[in-house]
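Engineer: Residue strings, one per chain:
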Amino acid sequence: MAERGRGWARAVRGLLLDVSGVLYDSGADGGVPIAGSVEAVRRIKASGLKLQLCTNETQATRESFVRKLRALGFDIAVAQVTAPAPAACHLLRERGLRPHLLVHDDLVPEFAEIDKTNPNCVVLGDAAENFTYANLNEAFRLLIGMEKPVLISLGKGRYYKETDGLKLDVGAYMKALEYACDIQAEVVGKPSKRFFESALAELGVPPEQAIMIGDDIVNDVGGAQQCGMRALQVRTGKFRFPAAALAEMVPARDVAVAGACAASCAAAVDQGVLPSVCGSPARLKRPSDENHPEVKPDAYVNNLAEAVDIILQEL
Amino acid sequence: MAARRALKAVLVDLNGTLHIEDSAVPGAQEALKRLRSAPLTVRFVTNTTKESKRDLLERLTQLGFDIAEHEIFTSLTAARNLLEQQQVRPLLLVDDKALPDFTGIGTDNPNAVVVGLAPEHFHYEMMNRAFRLILDGAPLIAIHKARYFKKKDGLCLGPGPFVTGLEYATDTKATVVGKPEKTFFLEALRGTGCAPEEAVMIGDDCRDDVGGAQQAGMRGILVRTGKYRPADEDKISPAPYLTCESFPEAVEHILKQML
Numbered sequence: 001m002a003e004r005g006r007g008w009a010r011a012v013r014g015l016l017l018d019v020s021g022v023l024y025d026s027g028a029d030g031g032v033p034i035a036g037s038v039e040a041v042r043r044i045k046a047s048g049l050k051l052q053l054c055t056n057e058t059q060a061t062r063e064s065f066v067r068k069l070r071a072l073g074f075d076i077a078v079a080q081v082t083a084p085a086p087a088a089c090h091l092l093r094e095r096g097l098r099p100h101l102l103v104h105d106d107l108v109p110e111f112a113e114i115d116k117t118n119p120n121c122v123v124l125g126d127a128a129e130n131f132t133y134a135n136l137n138e139a140f141r142l143l144i145g146m147e148k149p150v151l152i153s154l155g156k157g158r159y160y161k162e163t164d165g166l167k168l169d170v171g172a173y174m175k176a177l178e179y180a181c182d183i184q185a186e187v188v189g190k191p192s193k194r195f196f197e198s199a200l201a202e203l204g205v206p207p208e209q210a211i212m213i214g215d216d217i218v219n220d221v222g223g224a225q226q227c228g229m230r231a232l233q234v235r236t237g238k239f240r241f242p243a244a245a246l247a248e249m250v251p252a253r254d255v256a257v258a259g260a261c262a263a264s265c266a267a268a269v270d271q272g273v274l275p276s277v278c279g280s281p282a283r284l285k286r287p288s289d290e291n292h293p294e295v296k297p298d299a300y301v302n303n304l305a306e307a308v309d310i311i312l313q314e315l
Numbered sequence: 001m002a003a004r005r006a007l008k009a010v011l012v013d014l015n016g017t018l019h020i021e022d023s024a025v026p027g028a029q030e031a032l033k034r035l036r037s038a039p040l041t042v043r044f045v046t047n048t049t050k051e052s053k054r055d056l057l058e059r060l061t062q063l064g065f066d067i068a069e070h071e072i073f074t075s076l077t078a079a080r081n082l083l084e085q086q087q088v089r090p091l092l093l094v095d096d097k098a099l100p101d102f103t104g105i106g107t108d109n110p111n112a113v114v115v116g117l118a119p120e121h122f123h124y125e126m127m128n129r130a131f132r133l134i135l136d137g138a139p140l141i142a143i144h145k146a147r148y149f150k151k152k153d154g155l156c157l158g159p160g161p162f163v164t165g166l167e168y169a170t171d172t173k174a175t176v177v178g179k180p181e182k183t184f185f186l187e188a189l190r191g192t193g194c195a196p197e198e199a200v201m202i203g204d205d206c207r208d209d210v211g212g213a214q215q216a217g218m219r220g221i222l223v224r225t226g227k228y229r230p231a232d233e234d235k236i237s238p239a240p241y242l243t244c245e246s247f248p249e250a251v252e253h254i255l256k257q258m259l
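Residue numbers (the UniProt record's numbering), protein chains in the order written: chain A, 1 to 315; chain B, 1 to 259.
I should point out that these hints are in silico values taken from the structure, not numbers from a laboratory. All of these numbers come straight from a predicted model, not from anything done at the bench. A virtual CB, placed ideally from N, CA and C, is assigned to each residue, including glycine. You may find that some hints are simply not true.
[Stated by the list, open to error] Ranges of calculated distance between the beta carbons of each label pair, as one might list FRET restraints: (1) B/ASP55 / A/ASP164: 37 to 43 angstroms; (2) A/THR163 / B/ASP55: 40 to 46 angstroms; (3) B/ASP55 / A/ARG67: 52 to 58 angstroms; (4) B/LYS152 / A/LYS193: 42 to 48 angstroms; (5) B/ARG54 / A/ARG95: 51 to 57 angstroms; (6) B/GLY217 / A/THR163: 52 to 58 angstroms.
[To be verified] With a straight-line Cα cutoff of 25 angstroms, these simulated BS3-like cross-link-like pairs (lysine-lysine) come out: (7) A/LYS116 / A/LYS148; (8) B/LYS8 / B/LYS173; (9) B/LYS145 / A/LYS148; (10) B/LYS151 / A/LYS148; (11) B/LYS145 / B/LYS97; (12) B/LYS227 / B/LYS182; (13) B/LYS33 / B/LYS256; (14) A/LYS148 / B/LYS150; (15) B/LYS50 / B/LYS173.
Whole structure, please, built from the sequences with the hints as guidance.
Structural biologist: Below you can see the structure in the form of structure tokens.
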């Protein structure tokens, strides 16, 4: 149940949705929709609310990303996706930068029109298997050899959840190159203000009439609030449950027993966020996204479906 | 100035101080013999991520140095000691050549992560594995945090960037075990019965050898060999206790002035 009444749900004209962890959990197999999300997107569209997806996804072009979402049952058009690569292309053109790309193979076509000869900057995306020592070293050597190194990072997320577990996101590798070269990267993507502003422009709604819904407390929720939007934290995707909920599970030795615990905990076990056997005290040390020290969401909701329920009731 | 206690121990850096790559610093073997004739405990301390104590000993013996294995204390030894103290089972992201220094340490079902210099391990799968362990509470232990190192064909990423990436992703801080950490120098003295005030460190790296030792309460002597560059001695405050041409000159000073 969402906290603090429902004042946050009033006077809304448009929604910005994060994708991975809100609409679906990604994975090598293409991923799986999060329960209720396909129906929630359908209801948003039927309600007349404006809808824009705001993603830091950089493992595919927008076209193939949208194809994947449509195959999962989400009725989405390419123009409804704001993603870092097109924004980066805009920035590269604006500043006459020629990138060396350390990105996922499937993202490369986004940069087809960009001059990449004799590179004078490095563009870093979530390169996944392309994050090899050799590739990182190549990017490092280019940067350290530049008079004024320019590193452009497509997002700076710490990690995300795939169907087979948590994975390091581009931010970890961005920090590695920053440290190696003693530089600061420029981030294109959430939580950059400019990126949210371009998503709002595409949504066609001013910030005070828009709500962002995401699973990343810092990059989704914090970033959107910085732009004057309201923002909701979902308890799906990479959301980490509070220690109190975990503590209840300590005596549990198997999933069957865990199932008797609080509903949110049981759901977490199903999603693999919580271990089925949580006897390890180390688990309890993991910080939670509930009561984050810096970011206070306008509300917590269990999932997108619950958020949409409440927002539509307030229309 | 506070009265100094009598000198009881000398810590000596290896590469750049006793030898440079495969050649000994002129006069260093003889100087070491003279140092050993005094009533002093001698330890050899080095940041290494690749070479096991056995490899180091082999090289030093070939160069004509009279050194025993138990006298060598490396950043790998420091990591091993920490693993034993914390009774944890590491995922070892270290070069295969360093593995002999971890003989006998259990690595099944790991609950700690040790990062050395291991380009062959710094890939997506392994980094994700390390990340998940740390997020689940496994301590992150870094042999050191060097940004990069030089190879014949150019600069190469060191362990530092990978440690930093893991720190960021998990919102934790690594325990760095090598020089210039204070605990490294204190651990090197463990078992000698000497307090830091009774020890002197000789090395060619102003920050990591001299600065680190002095932070730990020792005196530090900087030698102008190895990686030394003019004006290095101005890089730290307080300044080195002494700067001299080479290891043999440092030994002369110790024997004449510090006993």
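Engineer: Please name the hints from earlier in the document that this structure breaks, with their numbers sorted from lowest to highest.
Structural biologist: Hint 8 is the one this structure does not satisfy, whereas the remaining hints hold.
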